[in-house]
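**Student:** Using the sequences and the hints given, assemble the complete structure.
Sequential numbering of the sequence shown, starting at 131, is according to my numbering.
Read the hints as simulated data drawn from the structure, not as lab findings.
Keep in mind that the hints are not guaranteed to be accurate.
[Claimed, not checked] The calculated label-pair distances, taken between Cβ atoms and stated as ranges, are:
no., residue 1, residue 2, range
1, 365, 176, 40 to 46 Å
2, 355, 293, 22 to 28 Å
3, 132, 217, 39 to 45 Å
4, 205, 232, 51 to 57 Å
5, 357, 214, 40 to 46 Å
The C-beta atom is built at its ideal place from N, Cα and C for all residues, glycine as well.
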Amino acid sequence: MSIFQVDMLTGLNKVETAIALLKACEPPDGYYGAFSGGKDSCVIKHLTQQAGVKADWHYCVSPIDPKEIHDFIKQYHPDVQWDYHARGFFKKVLTNGLPTRRRRWCCRLIKEAGGNARVKILGMRHAESTTRKLYKCFETPKHKDSASVWVMPILHWSGGEVWEYIGIHNIKVCSLYAEGFERIGCVLCPFLSRKLTAMQLIRFPKLAKAWYLAAVRYFYKRIERGTPLPFSNPDEYWLWWISRDAKRRDKRQGEMIA
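**Tutor:** Put into structure tokens, the structure is as follows:
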């Protein structure tokens, strides 16, 4: 389906619908734009400009983002403000352990930080995960520490439609997409597929090593605390984490509560 196909109920195509949403929800102080450096962020930023609404854009600096993302934002989006909410990130692994799909504490520090008590523009889409399929274009998050409102103008767009919009408007995107990465962002995110995990282990060895060393430290920290992990050594713990084996992962996660 094309982004320019008209919805019979509204009489608008997906681009017009996104722009109408941004105009309708614009707050007096302007939007807080959440910018990650990915293709979806580039599209919502462009749509905001097309809508003529006010927004200040923020990148929550991630210590586990590839350098290519940092370079891309600096070169093509110098207006984006860099916010440092995740300083000392790897030290927090000593407390929380390696993040998993069930316990993704890292997102709260990196992706969801900033913009509290403001109306935030986000580039989330239904097609990205089963959890996001439950979202609506206008949401009030249920986090206890959040008083913000989320507006998601491309929530109903497919990945193909995002690329269609990028192509039509000749929008620059991070070079990592040209290397075959379908999704970019935090290296070794627990939500990645086995394929992308394997690609990232090879492509980003320094960040992979940082994760590995954090895993080793946490393994021995749990022994010191008297609550050892259900693994015989840190390498077994590491291999379990990067395996992305759903059955094996879920079986062990029941024993992982700190």
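**Student:** Against each hint, give a clear statement of whether it holds in the structure.
**Tutor:** Status of the hints after comparison with the structure:
no.	hint	verdict
1	365 - 176: 40 to 46 Å	45 Å, holds
2	355 - 293: 22 to 28 Å	47 Å, violated
3	132 - 217: 39 to 45 Å	43 Å, holds
4	205 - 232: 51 to 57 Å	37 Å, violated
5	357 - 214: 40 to 46 Å	31 Å, violated
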